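Protein sequence lines correspond, in order, to chains A and B. Sequence positions in the first sequence follow my numbering and run 16 to 111. Sequence positions in the second sequence follow my numbering and run 49 to 286.
If you're looking for bench data, these hints aren't it; they were derived computationally from the structure. On a predicted model such as this, the values are computed, not experimentally measured, just so you know. Be aware that a few hints might be false.
To give a feel for the contact side, a few chain A residues facing chain B, derived at Cβ under 8 angstroms [to be verified]:
1) Pro-28
2) Leu-30
3) Ala-31
4) Pro-33
5) Gln-34
6) Ser-41
7) Leu-82
8) Val-87
9) Ile-88
Per the computed footprint, the stretches of chain B lying under chain A, defined by three or more beta-carbons under 8 angstroms from a beta-carbon of chain A, are [to be verified]:
10) 124–131
11) 220–231
Across the chosen pairs, the derived CB separations fall in these ranges [what the hints assert, rightly or not]:
12) B:Gln-175 with A:Thr-48: 50 to 56 angstroms
13) A:Leu-45 with B:Thr-267: 47 to 53 angstroms
14) B:His-117 with A:Glu-95: 22 to 28 angstroms
Note that the Cβ used here is the ideal one computed from N, Cα and C, for glycine as well.
Chain by chain, the residues:
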Amino acid sequence: MSFSFEVLVTLRPGLADPQGKAVEASLPALGFTNVSGVHVGRHVRLDVDAPTRDEARAEVEEIARRLLANPVIEDFRVLEAGAEADPRSPREAASP
Amino acid sequence: MSRAAPRVGVITFPGSLDDRDAMRAVATMGGEGVSLWHAEPDLRGVDAVVLPGGFSYGDYLRCGAIAGHAPILDEVRAFADRGGPVLGICNGFQILCEAGLLPGALIRNASLRFICRDVFLRVETSQTPVTRELVAGEVLEVPIKHGEGQYVATPEQLSDIDRQGLVVFRYSTEGGEVTEAANPNGSIHNIAGVRNAAGNVVGLMPHPEHAVDPDLGPTGGQALFASLLSGVLAGATG
């Protein structure tokens, strides 16, 4: 079975987020003067082949912990993106 | 008879830029540079290891994150565990942090700008392979060139760093004052370089390998390579 996940990686609270600040600072020029608390993070989508959803999820958690996020500066959340991989992906389309 | 020149390995990752300058700096200061390749888990018996600057793996994911898991890193870790001297410069510093060999992390400069200029560094300790010929309080001039050089660490790491004296270099004025104005990238406590608890692994954002030839600007990098080489000759392990 292929399971799809999304991993959201965000800077830990309290850490300076210069990217978020830069986005926030540019908004008044577009007419948005009521926006604050802008933070920029990373979104990673992946498909995992595993016997069960729980096993797939455990693997994604480990991938996030060991590579996708740096625990010194980042937190992460693992979201499930559906039981089956996206049928539009080439790998799925190629298999009968 | 003096023994042969110390052999200093310089690791090239895909996207490394400053490996040739590091090799040249080693040779200029009397050592022998040994080129190492990230995918080959073999340090070829070198006496010291340098992880050079650049943009390993295009800085994808995070600076140094992918290189921090390169095959040769297991060898570097074992070498460091045995007390072997390891120096990470710029991207090499980022790699050592990502690999967990040094505390902390490097994030985007507070200004959001890539910065390329000469800076002054105050030496904080002589208890490392690259500062053993220097004394705390000495000031060196070397260039920086980075977009992601803002040093950060968790509160627990910062208290360890303070307690164990792990800061090796701080951004300072020419006179050695650690001021906000002298901090180019927003690094916490003006930290430009740190060491591990054992003292044999050092990382810094500035580029000593670009500062050994008087024809090309400041020469603040000479003392770091001189220390590294003399330490090997003296049999010091860090």
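_chain B contact restraint for Gln-34 (chain A) - C-beta distance below 8 angstroms_ = 6 angstroms, holds
_Restraint outcome when Leu-82 (chain A) is required to lie within 8 angstroms of chain B by C-beta distance_ = Holds, about 7 angstroms.
*Hinted contact Ile-88 (chain A) with chain B - closest CB pair below 8 angstroms*: Because about 5 angstroms separates Ile-88 (chain A) from the closest Cβ in chain B, which is inside the 8 angstroms limit, the hint holds.
_Verdict on chain A covering the segment 124–131 of chain B, criterion of 3 CB contacts below 8 angstroms_ = violated (count 0)
*Per-residue hint verdict: Leu-30 (chain A), partner chain B, C-beta under 8 angstroms*: 6 angstroms, holds
*Residues of the segment 220–231 of chain B with Cβ under 8 angstroms from chain A, three needed, outcome*: violated (count 0)
*Given the range 50 to 56 angstroms, decide if the beta-carbon distance of Gln-175 (chain B) to Thr-48 (chain A) lies inside it.*
53 angstroms, holds
*Mind checking the hinted window 22 to 28 angstroms against the Cβ distance between His-117 (chain B) and Glu-95 (chain A)?*
With a Cβ separation near 26 angstroms, His-117 (chain B) and Glu-95 (chain A) satisfy 22 to 28 angstroms, so the hint holds.
*Hey, does the Pro-28 (chain A) contact hint survive, CB to chain B under 8 angstroms?*
12 angstroms, violated
_Under 8 angstroms is the threshold here; is the Cβ of Ser-41 (chain A) close enough to any Cβ of chain B for the hint to stand?_
Not OK, violated: Ser-41 (chain A) not within 8 angstroms of chain B, min 11 angstroms.
*asked:* Hint validation: Ala-31 (chain A) versus chain B, beta carbon distance must be below 8 angstroms. Holds or violated?
replied: This hint holds: Ala-31 (chain A) lies near chain B, its Cβ roughly 6 angstroms from the closest one there, short of 8 angstroms.
_Does Val-87 (chain A) hold up as a contact with chain B if the rule is Cβ-Cβ below 8 angstroms?_
Hint on Val-87 (chain A): holds, closest Cβ of chain B at ~4 angstroms, below 8 angstroms.
Violated hints for the displayed structure, listed by number in ascending order: 1, 6, 10, 11.
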